[in-house]
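Undergrad: Chain residues, written in single-letter form:
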Amino acid sequence: MMKHVLTTCPYCGVGCGFYLDVRDNRIVGVIPSKSNPVSKGYLCVKGWHAHEPVQHPDRLKKPLIKQNGKFKEASWEAALDYVAKRLSQIKAKYGPEALAVCTSARCTNEENFLMMKFGRACLGTPHVDHCARTCHSATVSGLNQSFGSGASTNSYDELPFMDCILIIGSNPTEAHPIVGWRVRTAIDNGAKIIVCDPRRILPAENASIYIQQYPGSDIALINAMINYIVTEHLHDEKFIAERTEGFDELWEVVKDYTPESVKDITGLEPELIKKAARLYATNKRSCIMYSLGMTEHTVGTDNVMSMANLAMVTGHVGKEFSGVYPMRGQNNVQGACDMGALPNVYPGYQPVTDEAVRKKFEDAWGVKLPSKAGFTLTDMMQKAIEGSLKCFYIIGEDQVRTDPDTHMIERALKSLEFLIVQEIFLSETAKLAHVVLPGASYAEKDGTFTCAERRFQRVRKAIEPLSGKTDGEIVCEISRRLGYPIDPDPKNALDEMASLTPIFQGVSFERVDTNGLQWPVPSKGHPGTPVVHLGKFRRGLGKFMPIKNKPPAEVPDEEYPFILSTGRMLFHYNTGTMTRRVSNLLREYPRNFVQMNPADAEQLGLKAQGSRVKVKTRRGELVVAAEVTDKIKKGVLWMPFHFSDEPTNVLTNSAFDPVCKIGEYKACAAKIEKVK
Amino acid sequence: MRNEYLPKQAVIEKIVDETADVKTFTLRVKDKSGDLLKYKPGQFMMLSLPGYGEAPFTFASSPAKSSRFQISVKKIGSLTGAMHNLKVKDTVGARGPYGNTFPLDKMKKRDLLFVAGGIGMAPLRPVIQQVFKNRKSYGRVEIVYGARTPKDMIYTDEVKSWRDEADTDIHLTVDVPDESWGGACGVVCVLFPKIKINPQTSIAVLCGPPLMIKFAIFDMLKLRFKEENIYASLERYMKCGIGKCGHCYVKGKYVCTDGPNFSYAEMKKLGIAS
Amino acid sequence: MNRPFITREHLKVLIKVLKSSCDEFIAPRREHLTDIVFGDAKTGGGELPDYDGNSVISPRAFLLPQTEPLFEIKSARRSELAPIEDKRTRVFYGVRPCDIKALVLMREFFIEREFADEPYKTKMGRSTFIALACSKRCSAKAFCDEMGAGPVAKSGFDLQMRAVSRGYIIDIGSEKGEKIVGENKRLFKRASPQDEKEAKAVLKDFTKEPEKIDYKKLAKTMANDSVEPSVWDDIGQRCVICSGCVTLCPTCGCFSVVDRISGDRGERLRYCDGCPYAGFTRMAGGSAPFPLHKDHIRRFFEHKLNHDVDRYGTPSCVGCARCIETCPGNISIRKLIREAVK
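Residue numbers (numbering that gives the first Met the number 0), protein chains in the order written: chain A, 0 to 675; chain L, 0 to 273; chain B, 0 to 341.
Treat the hints as calculated values from the structure; they're not laboratory data.
A couple of the hints might just be wrong.
[Stated by the list, open to error] Partial selection, computed: residues in chain A whose CB lies under 10 angstroms from chain B:
| hint | residue |
| --- | --- |
| 1 | W180 |
| 2 | R510 |
| 3 | N514 |
| 4 | L621 |
[To be verified] Per label pair, the in silico range of CB-to-CB distance:
| hint | chain 1 | residue 1 | chain 2 | residue 2 | range |
| --- | --- | --- | --- | --- | --- |
| 5 | B | A222 | A | V674 | 42 to 48 angstroms |
| 6 | L | K213 | A | V674 | 26 to 32 angstroms |
| 7 | A | P484 | B | T88 | 47 to 53 angstroms |
| 8 | A | E509 | B | K15 | 31 to 37 angstroms |
| 9 | B | N223 | A | P589 | 49 to 55 angstroms |
Predicted model, so just to flag it, every value in this text is computed and none were measured.
Glycine included, every Cβ here is placed at the ideal spot set by N, Cα and C.
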C-alpha cells in the first residue's frame, strides 16, 4: 500500500506544504508540494526530515500512570477513568478554579478548540492558556492595541517585491527558512535590507544597513528612528491625519529620543540610525519583520507597539506591499490563539468578559461559563507554587524546558496535586506527571493549522495514531467520562467554531482544502483577507502608543557583566524532542554551546574554539562549549535552547511583561568562566 | 543475494587494555565463509554494534589461517564508547575486508621507515609483522613511534620485541613525558635525524593524527624521500566501506575503496596533502 | 523498417496489460492541483498516460527511498541480523529522459563497480522502464538538452514513447522492451513517415536555440580551479543547508545509516545524506577535513560537473532543474555552469 498524503509542516509558523510518502504504513520520506501557496516546492532542513520522528521507537504508545514514583503502562480505559476520577475529585474538593488547561500550539485548530471548550465548558475553569504566552503574546496584545488585530498585517508573497525590509529581532534564515527564501529573493530582486540584531545573522551579510544594538534597547532604537523621520519631515502626514490617532501624544515622548541621545543605551552610532530611518521611511514598499527578539522581553508589548508606531508614522501599513510581519514560532501558535486558547478570549478574540459573547457560548454549549478572565501560563506557575492551583492538564508542551527559570517551573509543577501531561515523547515535563497520555503527531490526524500569514491549511492523516487516539479524541473521552460529551470529529469542531466566531464565519474543511484560507473570513462566500487594515484599521483609527524605553529586568553589573540572549537555530526546533531524533539534524549540532565575541574570549583567556566554559546567572549555571565568533556583539552572549540535557533555560530570567506575561528570554545578566 | 551491508556475527574472545582509552579486541568470526578473513595488511573492516551503528577499523592483526582477527579501538564517540563496555563472549557484527593494502610488493628489497602516532600503530602492526615474518625479503627497518604520553603507547611489549629483529631500530618519543620516561620528547620528526636509511630509495609508511602526518611528510620530503614512496593510511568518516555512501569521497576517489592507503603523490592530486 | 507505433487507445490497453504483469505500476499521477508525483497506479489507478512537466521527485525514489531499512535487527545484544528483501516487481511508466539518464549513471555507480549495492540492484533487476520523451520543456529552468539528457533518452529504457498527433512512436531499448512489443503485437503498428517527420519537428522545436555546454571545458575549468572565487563565496553564503538538492537530485546517492532500536529489536535504516551538511564529512572526535561551508557545496557541484566527466565521460547533472526549483538560497547550477565556462 502506497500513498502520498498532503499535509502541513509541523515545525515553525511559516506553514509549508508537503506530501508524506507512505509505503506499507511506513512514512519513508517527504515530497514538497509545488502547488502549496506558502512553500511553493521549497522546504527547510527540518521540513525535509519531518517524517523521521513520527515513527521513532521512542514514541509513547501507551498511557503511563505513576505509582510509587515510577511509571507503569496502563490501558486507555484505566488511564482515562483514573484521570476523570481525579479531575472530578479535585474539582469537588477545591472548585473548578483549582484546575488549569494548557493547550498546544503543536496541535490542530480543531483540537485547540476542543481543549478550550473542555476547559471552560466541562471543567468550568477560566484558566486556559498555551505556549503563545512565551512567544507571541506580546504581538497579540501589542498589535491589538495599535491596529485592532494581533496578527500579521500582510502576506508572505508580498515580501519578494518589497523595496525595503526592516528585520528586527528575527532571523528568518534559521527560524523561518521559507520566509527566509522570500527575503533572499527580495535581496536578489534588489530590495534594501535593514537588519537590527545583536548577532550578525545571515541576512545581515547582504543588508544595506546592519545595526548591532544591545539586547533590550529596541524601543530607544525605534523611537530614535521615528524622531529622525519626523524631524526630517519624512513621515506620512496624510496617513497620520486620516488613518491614525494619538500622534501628538507619541511625539511628546519621542521628541526627546534623538539618535544622538540613545547612543549609550543602544551602543550605536547616530548616523547609522539616521541612515536606517531614512531608508525605511523613503522607500515606497517598506515593511517590518520581527520575531521573538522583540517579544520575549519585559517590554515585549511595548516593543511591538513601537514597531506599529514606526509603521504608522511612515504610512507603511494598511496597504499592499507594506506592513508588520510577526514571524510566529510554531506551526499552529497563530491558530491556538485564534481558537481562544487564551485566558481572556473565546475563538476569534471575543472577550470572555463580554456578556453577549459569553451568552452566545453558553447557549451553544448548554452550560454556565466562567465570567472572568483566567490566569496566564506565567501566573499559573506562580499560583501553583502559592497553592491555589491544584491540577494542570498540559497538552503537547514541555514547560520545564521551554519556560524561563527551569528551577522555578519544576518547583511549580511538583507542588501540584495532580499533573496530566499529554505528549508524543517522554519530555522533561512529562516525567513530572502523575499520568502521561500518549498523544498523536501531526501525521496521525486530520484538521487544520493556521500559519503566520493567518492562513488556515489542512493537516491530513497519513497513518493511524500510534497510541490509538488523537489528542482531540483523548480530551473528548475525558470530557465524556465527566458527563459532558463533546464530538471529537475535527470537521464538526471546525464548523462549530466557525458558527460561533464572526471573523471565521466562512471557514470550513471544504474552503480550506484547495489553497488554504486567510482570515478574517467574515461570511460563507468571503474570499479571505491577504492584507488586513486596507483602507481602515480593524479598530477604526490606528492608535499611536507613546512608549518610553525601559531597560531589561536584569542589566549587566560588575558581578554579571554580560547580556545573555537566547534563540532558535536552523537545525533544531524548540526543546528538540523531535529534531534531536532526526539523525542528520542531531549530527549538525549535537550539543549546546554559547556564542561569544573574540574580544571577550581573549579576555577570558580561551585558546581554542570549543573550549568548555561555565555560563552563570543568578538562577543557575551551565557548562557548554564556547563558539567564538565576531558575529556577536562584544559583551553579549547567545545560546540556543534546544538541548534537553544541557538546558539553557536554567539560566534565563522569569521576569515578565506586565501586560502579556511573556518571559524575558532575550536579555539577562550573566557571567562566564573558563573550565579547566 | 549477497547483501554487502549485512554484517556477520563475531564473538569477542579477548580484550586487552592497551591504554586508558584504547582496547584491543580479538574477535572470532562465527561463520568462516566469505571474504572477511582474507584480509591483507592495510585493509579495514566495518564493525557493527546494533543500536549504535557501524564504523571502520583497520585490521590490527596479521592475516592467518585462524578465524580470528584483532582491532584496536580508541574511545572517541558513542559507538567506540559502547565498544569499551563490551565483555568477552559478547557478540558484534563484522563485514569486510575493504580498501587497498600497503604496497608490500613494492616494499620488497627496500629499506623501510614506519612512522606511527598513538593508535596509528594499529594499522601498521600487520604490515610490520608481515615484514618480520619474511625478514630477508626486506632491507633495513626503522620504526618511529610517538604518543602523547608514555601511557598512550599501544602494543608496548610487542614494539619492544621488534628491537630484537635483525637490522632494525625502534625510536620512541612522547609529547608529555612522565617520571619513568627516559626517551625522546617532541613530535615524531625530532627522531628523523637518527634514521639510518637512504631516503631516496626507501619507502615510508605513516599512520597517525592528520597533523602528525602533515608535519612528518613535510620533513620526509626535506630528507629527499620520493613523493611516490611515502604512504599514509587516511582516516575519513565513512558509513558503507564499499564506495557508495559518499562520506569519504574526495575529488572522484573514495577513501574506502581507492584507499585508505595513498602515496603522497596521490594525496597531492586529491588536494588532501597540505 | 519504421519503428513500432501505438495509438492512444491501444496505449490504454497496453497499460492494463503491464499493470497485470507487475506488483507495482509506478506511474505519474496528479496529486494536489498541479503537483505530479510518481505513485503506484496498479490498484489505485490515476496514472497519467501522458503529461506536461515532470514529477516533483524522480521515480528513483522507489529504488533508493529517502529512508529504507537495510536489514532487521532481531537481537541487538547478540548482533542477530536478518536481511530484508524487496521482492516486488515494478513497471516504471512515463519516466522522463532526464531521469532515465540519471538511472544509467546510478547503475554505473551503484551496481557496476567493485561492490554492488544489493538492495538497489535487486530492485533494479525487477524493474521495467518505459520512458516518455518530452515534447515541451517541463519548466523554464530545465536544461536537459544542454546537458545531453533530453528531451529524448538515448539508452537506459526498455521502451521509450515519443508523442505525435496520432499516438506514440516506440523506441525499443532492450530485450525486455522487445518482449513487451512482441507479446502485444496486436497493439502495435508501424510508424508512418508522417509520424516520423512529426517527431523530428517536435525535437527541433524543443531545442530551438540549443546552447550546448562544452562540459569537457567546464570540467577542466573546475579542475584547474579557475572558477572565480567569488562564485563559490556567493554559493556558500546562499546555501542554507535545506538538503533539498541532494534529496531531489536523481543522481545523488549519498546516504547514512542509523539503527532504530526498540528494546532489543529494531532495524538499520539508511537515509538520504549529502554534501551540504558539515556533519557529512566531520569525523568522530570532531575533526573536519573540509571546514568551510562553501567547500561542501563546491564538492556537490564538482562531483557532478568535474569528477564524473572524468569518470563516465559525461556530467552527472541531467538538467532536470529540481535542485534549482527547491533551493531557498536561489542557487542555480545552470547559472554556475554559465559563469564557469564564461
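Undergrad: All hints, please: hold or fail.
TA: Here's how the hints hold up against the structure:
Annotation: interface hint on W180 (chain A) holds; nearest CB of chain B at approximately 4 angstroms, less than 10 angstroms. Of the supplied interface hints, the one on R510 (chain A) is violated, with its beta-carbon coming no nearer than about 15 angstroms to a beta-carbon of chain B, more than 10 angstroms. For N514 (chain A), the suggested interface contact is upheld, since its CB lies about 8 angstroms from the closest CB of chain B, less than 10 angstroms. Of the supplied interface hints, the one on L621 (chain A) is violated, with its beta-carbon coming no nearer than about 20 angstroms to a beta-carbon of chain B, more than 10 angstroms.
Distance hint for A222 (chain B) and V674 (chain A): a CB-CB separation of about 46 angstroms, consistent with the stated range 42 to 48 angstroms. Checked against the hint of 26 to 32 angstroms, the pair K213 (chain L) and V674 (chain A) passes, with Cβ atoms roughly 29 angstroms apart. Between P484 (chain A) and T88 (chain B) the beta carbons are some 51 angstroms apart, a value that agrees with the proposed interval 47 to 53 angstroms. Between E509 (chain A) and K15 (chain B) the beta carbon distance is about 34 angstroms. The supplied range of 31 to 37 angstroms therefore holds.
Taking 49 to 55 angstroms as the suggested C-beta distance range, the pair N223 (chain B) and P589 (chain A) does not conform, at roughly 38 angstroms.
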